[in-house]
Amino acid sequence: MLERLRDEIAELDLPLAPKLSASLSIGIAEFDPGMDDTLGWLKAADQALYEAKRQGRNRIAIAEWQRPPELTLVAD
1 MLERLRDEIA ELDLPLAPKL SASLSIGIAE FDPGMDDTLG WLKAADQALY
51 EAKRQGRNRI AIAEWQRPPE LTLVAD
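With the first letter of the sequence shown counted as 1, position 18 gets the number 18 in our numbering; the numbers rise by one all the way through.
The set of hints was computed from the structure by calculation and includes no laboratory data. All residues carry an ideal CB built from backbone N, CA and C; glycine is no exception. There's no promise every hint is true.
Now the in silico label distances, taken between C-beta atoms and shown as ranges [claimed, not checked]:
1. G56 with D13: 20 to 26 Å
2. D7 with G40: 29 to 35 Å
3. Q47 with S23: 39 to 45 Å
4. A22 with E51: 19 to 25 Å
5. E51 with A10: 15 to 21 Å
6. D37 with D7: 28 to 34 Å
7. L39 with A17: 35 to 41 Å
8. E64 with A17: 35 to 41 Å
9. D32 with L5: 23 to 29 Å
10. Y50 with E3: 16 to 22 Å
11. E51 with L16: 29 to 35 Å
Below, computed lysine to aspartate or glutamate pairings styled on EDC-like, alpha-carbon distance capped at 20 Å [said to hold, decoys possible]:
12. K53 with E11
13. K43 with D32
14. K53 with E64
15. K19 with E8
16. K53 with E8
17. K43 with E11
18. K19 with E64
19. K43 with E30
20. K19 with D32
21. K43 with E64
Input sequences plus hints: build the corresponding full structure.
Below you can see the structure in the form of structure tokens.
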């Protein structure tokens, strides 16, 4: 679906600005509804977006991010 959206935007005809073109870069990070680290998830998606742009724009990058491991507190 995102590839199709990216292709559609790249093919846009801009009659008021024929010399301009449009592109779409997308950063994706999977979200687990039980996750507490929402800020980490947003940062991962943001980093993926900038990686897509760094690779040449008009690309989709998927974050290789996983939620932090669960910690178990053990009483002494």
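Consistency of the hints with the structure:
no.: 1; hint: G56 with D13: 20 to 26 Å; verdict: 23 Å, holds
no.: 2; hint: D7 with G40: 29 to 35 Å; verdict: 31 Å, holds
no.: 3; hint: Q47 with S23: 39 to 45 Å; verdict: 19 Å, violated
no.: 4; hint: A22 with E51: 19 to 25 Å; verdict: 20 Å, holds
no.: 5; hint: E51 with A10: 15 to 21 Å; verdict: 19 Å, holds
no.: 6; hint: D37 with D7: 28 to 34 Å; verdict: 33 Å, holds
no.: 7; hint: L39 with A17: 35 to 41 Å; verdict: 37 Å, holds
no.: 8; hint: E64 with A17: 35 to 41 Å; verdict: 37 Å, holds
no.: 9; hint: D32 with L5: 23 to 29 Å; verdict: 24 Å, holds
no.: 10; hint: Y50 with E3: 16 to 22 Å; verdict: 19 Å, holds
no.: 11; hint: E51 with L16: 29 to 35 Å; verdict: 32 Å, holds
no.: 12; hint: K53 with E11; verdict: 18 Å, holds
no.: 13; hint: K43 with D32; verdict: 15 Å, holds
no.: 14; hint: K53 with E64; verdict: 16 Å, holds
no.: 15; hint: K19 with E8; verdict: 17 Å, holds
no.: 16; hint: K53 with E8; verdict: 18 Å, holds
no.: 17; hint: K43 with E11; verdict: 30 Å, violated
no.: 18; hint: K19 with E64; verdict: 36 Å, violated
no.: 19; hint: K43 with E30; verdict: 12 Å, holds
no.: 20; hint: K19 with D32; verdict: 42 Å, violated
no.: 21; hint: K43 with E64; verdict: 12 Å, holds
Checked against the numbered hints above, the structure breaks hints 3, 17, 18, 20 and satisfies the rest.
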